[in-house]
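Each chain is listed here by its residues.
2 protein chains.
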Amino acid sequence: MPIVEFRIDPWSSEGLRDYEKLFTYFGVRPFNEVVHQLESFGPLPLPIRRGAVVGHRDFEKVLDALKNNSGFALLTGLMPSGKMHLGHKMVIDQVIYYQSLGAEVFLAIADVEAYGVRKLSREEVINLALNEYVANYLALGLETKKLHMYFQSSYRKEYYRLIQLFAKKVTMAELVAIYGEDLEPAKIMAVLTQAADILHPELPHFGGFKTVLVPVGLDQDPHLRLTRDIADRFSDELGFTRPASTYHKFLSGLTGGKMSSSKPESFIALTDPISESVSKLMKAFTGGRATAEEQRRLGGEPDKCPVYELNQLHLVQEDEKLKKIYEDCKSGTMLCGECKLATAERLRKFLEKHQEKLAENKEKARTLVELPDF
Amino acid sequence: MPIVEFRIDPWSSEGLRDYEKLFTYFGVRPFNEVVHQLESFGPLPLPIRRGAVVGHRDFEKVLDALKNNSGFALLTGLMPSGKMHLGHKMVIDQVIYYQSLGAEVFLAIADVEAYGVRKLSREEVINLALNEYVANYLALGLETKKLHMYFQSSYRKEYYRLIQLFAKKVTMAELVAIYGEDLEPAKIMAVLTQAADILHPELPHFGGFKTVLVPVGLDQDPHLRLTRDIADRFSDELGFTRPASTYHKFLSGLTGGKMSSSKPESFIALTDPISESVSKLMKAFTGGRATAEEQRRLGGEPDKCPVYELNQLHLVQEDEKLKKIYEDCKSGTMLCGECKLATAERLRKFLEKHQEKLAENKEKARTLVELPDF
Numbered sequence: 001m002p003i004v005e006f007r008i009d010p011w012s013s014e015g016l017r018d019y020e021k022l023f024t025y026f027g028v029r030p031f032n033e034v035v036h037q038l039e040s041f042g043p044l045p046l047p048i049r050r051g052a053v054v055g056h057r058d059f060e061k062v063l064d065a066l067k068n069n070s071g072f073a074l075l076t077g078l079m080p081s082g083k084m085h086l087g088h089k090m091v092i093d094q095v096i097y098y099q100s101l102g103a104e105v106f107l108a109i110a111d112v113e114a115y116g117v118r119k120l121s122r123e124e125v126i127n128l129a130l131n132e133y134v135a136n137y138l139a140l141g142l143e144t145k146k147l148h149m150y151f152q153s154s155y156r157k158e159y160y161r162l163i164q165l166f167a168k169k170v171t172m173a174e175l176v177a178i179y180g181e182d183l184e185p186a187k188i189m190a191v192l193t194q195a196a197d198i199l200h201p202e203l204p205h206f207g208g209f210k211t212v213l214v215p216v217g218l219d220q221d222p223h224l225r226l227t228r229d230i231a232d233r234f235s236d237e238l239g240f241t242r243p244a245s246t247y248h249k250f251l252s253g254l255t256g257g258k259m260s261s262s263k264p265e266s267f268i269a270l271t272d273p274i275s276e277s278v279s280k281l282m283k284a285f286t287g288g289r290a291t292a293e294e295q296r297r298l299g300g301e302p303d304k305c306p307v308y309e310l311n312q313l314h315l316v317q318e319d320e321k322l323k324k325i326y327e328d329c330k331s332g333t334m335l336c337g338e339c340k341l342a343t344a345e346r347l348r349k350f351l352e353k354h355q356e357k358l359a360e361n362k363e364k365a366r367t368l369v370e371l372p373d374f
Numbered sequence: 001m002p003i004v005e006f007r008i009d010p011w012s013s014e015g016l017r018d019y020e021k022l023f024t025y026f027g028v029r030p031f032n033e034v035v036h037q038l039e040s041f042g043p044l045p046l047p048i049r050r051g052a053v054v055g056h057r058d059f060e061k062v063l064d065a066l067k068n069n070s071g072f073a074l075l076t077g078l079m080p081s082g083k084m085h086l087g088h089k090m091v092i093d094q095v096i097y098y099q100s101l102g103a104e105v106f107l108a109i110a111d112v113e114a115y116g117v118r119k120l121s122r123e124e125v126i127n128l129a130l131n132e133y134v135a136n137y138l139a140l141g142l143e144t145k146k147l148h149m150y151f152q153s154s155y156r157k158e159y160y161r162l163i164q165l166f167a168k169k170v171t172m173a174e175l176v177a178i179y180g181e182d183l184e185p186a187k188i189m190a191v192l193t194q195a196a197d198i199l200h201p202e203l204p205h206f207g208g209f210k211t212v213l214v215p216v217g218l219d220q221d222p223h224l225r226l227t228r229d230i231a232d233r234f235s236d237e238l239g240f241t242r243p244a245s246t247y248h249k250f251l252s253g254l255t256g257g258k259m260s261s262s263k264p265e266s267f268i269a270l271t272d273p274i275s276e277s278v279s280k281l282m283k284a285f286t287g288g289r290a291t292a293e294e295q296r297r298l299g300g301e302p303d304k305c306p307v308y309e310l311n312q313l314h315l316v317q318e319d320e321k322l323k324k325i326y327e328d329c330k331s332g333t334m335l336c337g338e339c340k341l342a343t344a345e346r347l348r349k350f351l352e353k354h355q356e357k358l359a360e361n362k363e364k365a366r367t368l369v370e371l372p373d374f
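Chains as they are written, first to last, in our numbering: chain D, 1 to 374; chain V, 1 to 374.
Since the hints were derived computationally from the structure, they do not count as laboratory data. Just so it is clear, the structure is predicted and the values come from calculations on it, not from any experiment. There could be a bad hint or two in this list.
Remember, identical chains collapse to one label, so a pair may be satisfied in a single copy or spanning two.
[Claimed, not checked] Straight-line alpha carbon distances no greater than 30 Å define the calculated BS3-like cross-link-like pairs of lysine-lysine that follow:
#1 Lys83 x Lys357
#2 Lys61 x Lys330
#3 Lys258 x Lys353
#4 Lys263 x Lys169
#5 Lys280 x Lys187
#6 Lys168 x Lys83
#7 Lys146 x Lys249
Hey, can you work out the whole structure from these sequences and the hints?
What follows is the structure in structure tokens.
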């Protein structure tokens, strides 16, 4: 299979189905190669501990920074469109974890892309970004101390300077090879802006970090590949080095298949009324069998079950407890109705506590960032 | 002739040969339609008085601003590459004139385009911009009071915001229609940046001007056409209106044909040693005949003569005196040798006086603008 024909579209709502190819063709490494070295720095967050983070590039740089206590930056971006759901939480859980290990967190609010690709107004974008995303991040435990948050449309000139410089050393041919033929100026701008998001912490103006970690979903690797090439091209001029990155799998949709922002019944949003979330959960697709009798006999299939995944990646911290859920399902001891009720109870507790914290953090989000002017 | 096939390349060193088509196909209006209305505001600068400014778009807006004393902005850009020559002076003569009529002058140093298209280093660009161009502008009489000078790489975030917004409402198809297939990211960035140069004085952050005048060479009209379309698309969102523009013909090269930066003998630079400039002039192509005898009999052809043009557009202020030069040439009374000697004397005087002022203004240029950081 010619490599050039395998293209991943980071803008597609389909996401990435056959991510194995990232390992085969594009040099992403399995995360389990390095994860054990991370364990010595303290307890791992659920997405890492429970295997949702599957790949990495150059994560050794982060391990070195941790060992040498030399500091590192983490770049994460949020696209203010739709609701913040548990899929997004998987990223933020990692961000909060790395921040607790000492990472300086740069949080890019991708409003330029939101205007350019998603066609939202300025007010919608600002309100979504702060009320729906950042407030939730803070409620989940993101600290404001080592946090640099900015709107792409309203940042410092050195950041914009990077975009200009990157435009100089990127060709149309390579953008087409990575992103396909359908390249409009807005997309080109968004792509170069994302490269500046990732690399700007390396500039002395923003801390001069030698290591930048970018934890993303597998579908975002095209941006990382481009950014790595750009870093190489500016190694002499600006002393840039390639970013490190980790890749996580997508959370399954509650309705079976992929979670989708355009399908509210497929995800649990952090700000939805709790009763609504519980109701979505109770209606969810599971790894159960056609009949109760059959399930008692054959056991359920937790590995295919989005409800199990909720427990695994969000609701059950204790490994022993999760193991019991898994085994009781697998053995046919616990059927889906019972499991859903117990999961609903955990979800209710989690959301109640979360939404309490959310209320406390709603105003705070607005004080942490300079609002775009127009 | 299909309109779409008539394309002007503003980056071509060939420039524009058959500019008549701008009037026929692209709606540029003859400047002599409006020039008489300008006369009531005081004496005109040579490029306007002597017919080098041949076209305009929406110049009525400038006339209205002058009549109503409502203020207007002028945008001019300089591309720091090569030497500042008398061709560039033609633009600055106009800029200084409009500044004297009250225009607020915005001077964009197109360093992004210089890096992107011309491949110069940061130091080369800064030094060329300030020592070679801006210092000459000041020496020619540009006032610092109503002057806003900036490097494209080091300006205010609202300016960069415009570039982001413009990218959103410009399509690849229309860029290809205007500029041709050969569109690299650096070129797209340069084009959007130029639109921001032209329109940013309309933002409240930069004065909120309702009228922006852009005096350019005829080859620059593609940028103006794109910018006018962009202004239309942001009339609701940002209250933008179309810029006014004027178009001047190119100065002829001293060697016959077009003046070219890559051919130093074709132009007189403002910073060259005076003896060198005089020597170029003495070797110049003229509108003379094959022999002195023939020229005495048929007369010279001042309309085809770059030496006459120097007198007309730069060296002779008095209309009566120019008329005599024209007639003495045309009648065969004055031959080229004599004319060149007299012109050389004028050139020497002009350059001596100019270079004196230049020395006084060399340091000043650096104090007027924030230097790019990297």
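Evaluation of the provided hints:
no.: 1; hint: Lys83 x Lys357; result: within (17 Å within a copy, 64 Å between copies)
no.: 2; hint: Lys61 x Lys330; result: neither (40 Å within a copy, 79 Å between copies)
no.: 3; hint: Lys258 x Lys353; result: within (27 Å within a copy, 76 Å between copies)
no.: 4; hint: Lys263 x Lys169; result: between (39 Å within a copy, 29 Å between copies)
no.: 5; hint: Lys280 x Lys187; result: neither (35 Å within a copy, 50 Å between copies)
no.: 6; hint: Lys168 x Lys83; result: between (36 Å within a copy, 24 Å between copies)
no.: 7; hint: Lys146 x Lys249; result: within (27 Å within a copy, 58 Å between copies)
Consistency with the previously given hints fails for numbers 2, 5, ordered from lowest to highest.
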